[in-house]
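Here is what each chain is made of, one letter per residue.
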Amino acid sequence: MEKNLYKFIIRFSLRQQIIITLLSVASFGPYYYYLSMPKTIINEGIGGKHVTYPVDLWGLGVLHLDKVDYLLVLCFGFLLLVLVQQAFKYAINVFQGIAGERMLRRLRYDLYAQVLRFPLPTFRKTSQGEIIPMVIAEVEPVGGFIGESFALPIFQGGMLLVIFGFLVIQNPVMAMAAVALYPIQFYIVPKLQRRVRALGKERIKNQRRLSDRIGETVTGVVELHTHDGSNRMLADFAKRLGISYWIRVEIFQRKFVIKFVNNFIQQLGPFFFYSIGGYLVIKGQMDVGTVIAAVNAHKEMAAPWKELLNHYQTREDVKQKYEQVVSNFEPEGMPPPEDQLLEPAEPVPLNGPINVSSLTLNDDQGNAVLDNLSLTIPWPARVAVVGGSGREDFLQVLARLQMPTRGKVSINGRLLSELPETVTGRRLAYVGSAAHIFNATLGDNLFLGLRYRPVHERQMNERQRKHFERELVELKASGNILYDVDADWTDYKAAGVDKPEDLGRAAIAALRIAAFDEDVFQFGMRGTINPKQRGELADRVLQARRAFRSRLADGDIADLVEGWDPERYNTNATVAENLLFGTARELIFDVDNLASDPFTLGVLEQVGLRDRFLRIGYEVASTMVELFADLPPDHEFFQQFSFISSDDLPDYKELLARAKPDNLGQLADADRARLMTLPFKLILTRHRLGQIDENDRAAILQARKIFSQTLPEDRRGSIAFFDPEHFNASASIVDNILFGRVAYGQAQAQEKIGAVMADVIKQLQLRDPIIEVGFNFDVGISGARLNSGQRQKLAIARALLKQPDWVMLSESTASLDPRSHAAVLQALLEQRKQAGLVWSLQRVSEAEGFDIVVVIADGRVVGNGRYADLAASNEAFKKMLQG
Amino acid sequence: MSINEEVELLRRIPLFAKIEPAKLKLLAFTSQRITYKPGDTVFHQGDPGDAAYVIFGGEADVLVDTPSGPLTVARLKQNDFVGEIAILCDVPRTATVKAVSELVTLRITKDLFFRLITDFPQIAIEIMRVLAQRLERTTADLRSATAKQNGKT
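These protein sequences, in sequence, are chains A and B. The numbering used here applies: residue 1 is where the first sequence begins, and numbers increase by one. The numbering used here applies: residue 1001 is where the second sequence begins, and numbers increase by one.
Source of the hints: derived by calculation from the structure; they are not laboratory data.
Using 25 Å as the maximum straight-line C-alpha spacing, the simulated DSS-like pairs for lysine-lysine come out as follows:
1) A:Lys653 / B:Lys1023
2) A:Lys39 / A:Lys67
3) B:Lys1037 / B:Lys1110
4) A:Lys299 / A:Lys89
5) A:Lys681 / B:Lys1023
6) B:Lys1025 / A:Lys681
7) B:Lys1037 / A:Lys752
8) A:Lys762 / A:Lys752
9) A:Lys259 / A:Lys201
10) B:Lys1025 / A:Lys660
11) A:Lys3 / A:Lys319
12) A:Lys205 / A:Lys191
13) A:Lys306 / A:Lys255
14) B:Lys1025 / A:Lys653
15) A:Lys239 / A:Lys201
16) A:Lys255 / A:Lys239
17) B:Lys1018 / B:Lys1077
18) A:Lys3 / A:Lys205
Each pair of labels, with its calculated beta carbon distance range:
19) B:Thr1118 / A:Lys660: 33 to 41 Å
20) A:Asn695 / B:Thr1118: 38 to 46 Å
21) B:Thr1118 / A:Ser622: 20 to 28 Å
22) B:Arg1137 / A:Asn231: 52 to 60 Å
23) A:Ala755 / B:Val1091: 27 to 35 Å
24) A:Val591 / B:Thr1118: 26 to 34 Å
25) B:Val1091 / A:Ser646: 33 to 41 Å
26) B:Thr1118 / A:Asn206: 47 to 55 Å
27) A:Ser732 / B:Val1091: 36 to 44 Å
28) B:Thr1118 / A:Arg248: 53 to 61 Å
29) A:Glu202 / B:Thr1118: 56 to 64 Å
30) B:Val1091 / A:Asn231: 38 to 46 Å
The C-beta atom is built at its ideal place from N, Cα and C for all residues, glycine as well.
Generate the whole structure from the sequences, applying the supplied hints.
Here it is in structure tokens:
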């Protein structure tokens, strides 16, 4: 990156700077006339000085104007000049804005690209809390400055020169007097400014530390709570805020001193004019007019001079920020950009032996983590690496994630240091113990290794194409990467398949090896699909629903599920579900809003349930108040069982005190809605409150019919109705197969149903398609919705899917339970039989199934051979085996 | 069966007989009613005890494992309370309970049971009273059995 701001500006925006400057200079002309026009209007148009009527405009003899016409012509001329002047201003501003924004975009992009190329050890010293404000906030003023970096000094300087020249012609002595103090100002102010800048630097540093602290607080929040560390964090934060505060106060003081000095020096001019000029006038050596002219000239020059001084100050400020930020983004040992961008001319296979000679790796303090390590690993081989520290670094060096301090590593005869990331990132895979999962879908995480460049162009309509082309121009203008992020990046061939449809199969195979397929299947069961896009799968789910139902009918499990039957009341579902006979897609039909929805109330009215619901609501509320009134507000029962939250209970209590069972109809609308909300939540078999009797149920069934028949067209989309013959798009797959509710209070209902369902899914071969639905599962921030074992399994599957030549695993199964761990170990050893696998293991005994065992101690190889041989003759290994 | 009927049933059980109906209602409302088919197991001997059961309807056998196979030691009927020993004493189930006919139970979880005791001391007192009565009866039985034994010799 350019270390100097001006070099950066000239290198990337010279053309724009020239255009802006030319525009600025060109605006001089209209500006001059714009300034002089009022004088002409007053003197000539109104005063009639130096004018003879009728006026012959431009002496062409075409137009002859009388006094009023001439005034009007001058006034319209003024208006025109205003327009021209403003048009120039507009164009200059827009141009400056665009130029600045493009440069800012380039700068931020470059900084981000640098971060992506930071050598790994850099991140031990640089936290994201420091990087983020630098890329986002600190460079922001740079953009604003770049737009005017050349134009402003040229324009204002030119203005100053013009006025100065004008003065010199009028009275050279006074002209010199007017600028006499400028050099002093130019000398003193930067001196004062220097300290302010140093303070500004301090402030930025402190702010970075602040943001670092906030970041740490967020990541370490559990530790803080468990050790009651909040107060210390608060105190620490307060101290840092204090540092910022005092720096700011000092900046204020100094800034206003500078302002004071500036204004004082500015006013020294008139002081000299009045005193010295006045003295000379009294002595008769100068006339009054000259003094006045000088004062006026000085005043005229004040504005551009001030602009110039301001610009100078901003420039220093921005330059410093730029240089400070850029210097932070140039750590040692960074690879060139081509490392990530350059596509290899032809595929570079790394399916060959690994050769490590005299490998030394120092940590950031200069201590050797790996010390003169030499090793040869044949191909194909499954290698277990055991022993002391340095194993993780060793694997990272083998995967070319870290560059050795000294020594050489080559795979298949190719030096890793000479291979770009575009080769090693595809042919090698590394999984650490805490592999990161990105905040996206599970599939996006899984396919990460297949998406290294756009493979298939995006299908675009006319509008999208135009938009994209415009975007492309900007990308080029800002030096950004030209790849279309919305194209299809998935390289299906890298996963060993030809068609997108087959990718799922390859992915499931990888999931199976990582023992992750069952988890993803469960995600898929709880997932939803859009039947418009996946009609075939929706049909198969419906098929499963039918199969499941017929299995229920002929077994002794029939009463474990209460299916959705349009003609029957489902006693295991809420009253609301029974009424809507569907699931609410929008909030208006949410169970909390039904009681205040006019349409729903109208339907209830028609079947005579409206008053009845009010009554039931009253009874339920009474029961709830009776049951829960004595409990403390934070009691778990509220959450688990109550219809009414502990916050609302007092309100209901008070409402019940006001309401009499006989005059419920006279309650205010809001009160009635509150009571009527309660019956909608009742589940007959679960709550057993006994309020909804046979008649009510019949009435609700009737209401159900009226509801679906009279529902206005524009609200049909708000409910997904239960329909035995159709897929319900807003329900999960498992609910679509179940198509009903699991009965409450039936012993082992879940297990029995689960077994039948699993059987149905197996018979219909639905398991794989449902796993693919699981790819849409949103894993949350850093995979927070997965447990740590699932995250590791996902990381392993991700590494396998791209079919790398060598897979490096560094204790990547540490979070797995022993059984899954054993299964993954077994499956991987089997799958990598004819390929490369280097696995750094915590437990030495697990190395037995590997072809080769490498023992590392103190950064050196102290054992290398077959497990049995090492166990027999290698002292270090024997010791490890014993424990 | 509604909550109120369940409360009536609960009141017939000595352990709950003297607890005010409102508390019993809360107990019924916060407990799950579970139906077992004939042959279903309510719990196995040796399982950790996580709940006690009130039998609302149907019958169940209490079986104890013996070297010669399971031995039926008791038959549970309506209003019986079973499984309380495991949750009170924190020991594994001392017997297996199997439904003989269709069995309807109210499952009172260990958590709920203890919470009720802490929240409503009168329940604890009631339980103490019932347990003390049982102990008293057992002691009396033992005394008379010992007396018989002594009389014989």
